[in-house]
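The listed protein sequences derive, respectively, from chains A and B.
Using the working numbering, you'd call the opening residue of the first sequence number 1 and step up by one each time.
Using the working numbering, you'd call the opening residue of the second sequence number 522 and step up by one each time.
Misleading hints may appear alongside valid ones.
[Stated by the list, open to error] Residues from chain A that face chain B, not an exhaustive set, calculated with beta carbons under 8 Å:
1) Leu10
2) Val183
3) Lys185
4) Ile187
5) Ala188
6) Thr205
7) Asp372
8) Val415
9) Val416
10) Cys419
11) Val432
12) Leu440
13) His448
14) Leu464
15) Glu466
Since the hints were derived computationally from the structure, they do not count as laboratory data.
All values reported here derive from a predicted model rather than from experimental measurement.
Note that CB positions come from ideal geometry on N, CA and C, so glycine has one too.
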Amino acid sequence: MGDVFANLSLGFGVVFNFVQWTPAFLGGASIPIPVNILLCLIGALVGTLVGVLPGIGTIATVAMLLPITFGLPPVGALIMLAGIYYGAQYGGSTTSILVNIPGEAGSVVTALDGFQMAKRGRAGPALAIAAIGSFFAGCVATVLIALLGAPLTKIALAFGPAEYFSLMVLGLIFAVVLAKGSVLKAIAMIVMGLLLSMVGSDIETGASRMAFNIPELADGLGFATLAMGLFGFAEIIRNLDAGGETDRKLVQEKVSGLMPTRKDLKDAAPAVGRGTVLGSILGILPGGGAVIASFAAYTLEKKIAKDPSKFGHGEIRGVAAPESANNAAAQTSFIPLLTLGIPPNAVMALMVGAMTIHGIVPGPQVMQKQPDLVWGMIASMWVGNLMLLIINLPLVGIWVRLLRVPYRLMFPSIVVFCCIGIYSVNNAPTDVMIAGAFGLFGYWLIKHDFEPAPLLLGMVLGPLMEENLRRALLISRGDWSVFLTRPLSAVLMAIAAALLVLTVLPALRKKRDEVFVESEN
Amino acid sequence: MNATPGQAPVKSIMPKWVRNPQEFVGGIALMAIAVFALWASSDLQGMRGFSFGAGTAPRMFAFLLLGLGALITVVGIFTEGPHLAKYHWRGPFFVTIAILTFAFTIRPMGMIFAAMASFLIAACGTPETRWMETVIVAVCLTAFCSLLFPYALGLPLQLLPTFMIR
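Turn these sequences into a full structure, and let the hints guide you.
Shown next as structure tokens:
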């Protein structure tokens, strides 16, 4: 227990770190500046700013804003990214409540009751309960991370290459099972990502693989490049198809009366609690994360409600539960990333990309060698949540005005912003072209109902999987049974196999579709 | 690598026995990508005894993708499903041109020119564009980016064309 407090206080120490700023015009006097808190604040604001733009999801926001953190020291950059992430998520909820355009899959459920509330002039309470619920979930999840972080790291240190490989297989299977849509297509997308990650130099022999003598490909496909192409450009092209203006039914009434009533709070409180618990559990699972958490929380609320028919017509619990679950899961999904070094979903995969750019390889070693970084980030999550609550709520008016920016002006700005961002990663024009090609590829994927998120996950896990597979087989002298004879690895593989079999079974498949479909009707 | 199939065939081209054209075409495209990857990695060394060569993992994943693509194609034949989605040329075309313009002009012409040009080209992607406001926004955005990236974020971006700097 003492450990937990020591770690948390280290984290908050990093976040509340004051740097003495001595500007020349003050003549030697120095002002203490809480740099990391400022970074977190800016991140949360910018994240909300971009995330609130309709049609831009969390992944696209984080990918687009990645370049602005490059110039910072690693701790500051990661803290800012965490801020961006929460801001983007909150921005996504704002659009789904006010305009009924969920920026990402996770806030689809929020739109169901949130938009209905907004239509009845109760947008304020809906937004407030989303923020309050998220904050509560964030507090619980922060403590949970602090509690579980250290013991999980100890387990992780006992992992050999075989166990790591099995764990990643399990994570990918989880990602497939918990994803929306066809299992087969999701697996195909993961393999596609694995294949794309093979481009570049071989880690052991240094041989150039599938790079066609293009110097920019020698180091492999850039992660940020791919993400911006698949999520930034592809989304823009797709939205142009839909004819930007037609489906934007903006709530015209003024957002007034921000605070929820006493009755609202009383109704929402148990839903927030249940959502937090459900979200925290689902978030820890590799491959789990925000999307399934919000769907599951909504379904649960509807199941146990006395009058389920109220849902879909502006029920405050229908906003509170998925939003809390969403945020709890978003936060606890940092656990597998920080302790095992395995990103459980696409946003975390982007975080790995950012860490690698700063020369940090996430995993149990980071926890021990750079505790200030890990605990600073964990503490900053809590601070980020607090920022959202105290700063974004009063700013709701501004975000609403942003929603009125017409798409015809917004999308060229995003194109230019993405181009500059991609170019600035390596100062390479080729990267911009590659991103453009992936934009078209992503557009094609959307047209054929393939999800790009598993592809991104496969792309990040590819090199890790190959390395551990090779090492495991080298140690076992080419014996493939090593994955089944080592007990820990065998258990992980068995769970993965069982999960896969279960999803293919018709009965469970129906249940799984139900969870997603039910909330759409 | 970036096997981006062009315009998908119109649905009348699809034979009758394909009941789910979306999956059918998707599966075939994945198989094509896999075959391409197999060809591209054919020059790499395979297994050396029990240790992996440079080409082992790429070929493994490519074969896996080939199999999955085949499965999706088969599913596309035997299940009912949606027709191919309609493709529009205008949005993708102008956004792509805008991206290419940026890529080709950023080095010789600097960021101010590249950003302006690609903004205006991208704006052609929708018939809703009104030119007055578009130009105003383009100028503002370029100014904002010229301050944000090189100055506020300290990234080494060249603002002006190379011939003006010399």
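Hint check:
This hint is violated: Leu10 (chain A) has a C-beta 29 Å from the nearest C-beta of chain B, more than the 8 Å allowed. For the restraint placing Val183 (chain A) at the interface with chain B, the shortest Cβ-Cβ distance is roughly 11 Å, beyond the 8 Å limit, so the hint is violated. Among the interface hints, the one on Lys185 (chain A) holds; its C-beta lies about 6 Å from the nearest C-beta in chain B, closer than the 8 Å criterion. Against a cut-off of 8 Å between C-beta atoms, the interface hint on Ile187 (chain A) holds, since the closest Cβ of chain B lies about 6 Å away.
Hint on Ala188 (chain A) holds. Least Cβ distance to chain B is approximately 4 Å, under the 8 Å limit. Taken as an interface hint, Thr205 (chain A) checks out: its beta carbon lies about 5 Å from the nearest beta carbon of chain B, inside 8 Å. Taking 8 Å as the C-beta cut-off, the interface hint given for Asp372 (chain A) is violated, the closest approach to chain B being about 24 Å. Interface restraint check: Val415 (chain A) against chain B, minimum CB-CB distance 4 Å, threshold 8 Å, status holds.
With 8 Å as the threshold, the beta carbon of Val416 (chain A) comes within range of chain B, its nearest partner Cβ sitting at about 5 Å, so the hint holds. Interface restraint check for Cys419 (chain A): the shortest CB-CB distance to chain B comes to about 4 Å, inside 8 Å, so the restraint holds. Because the beta carbon of Val432 (chain A) sits about 4 Å from the nearest beta carbon in chain B, less than 8 Å, this interface hint is met. The interface hint given for Leu440 (chain A) holds, since its Cβ lies 5 Å from the closest Cβ of chain B, which is under the 8 Å cut-off.
Annotation: interface hint on His448 (chain A) holds; nearest CB of chain B at approximately 4 Å, less than 8 Å. A distance limit of 8 Å between C-beta atoms decides the matter here; for Leu464 (chain A) the minimum to chain B is near 12 Å, and the interface restraint is violated. Interface restraint check: Glu466 (chain A) against chain B, minimum CB-CB distance 5 Å, threshold 8 Å, status holds.
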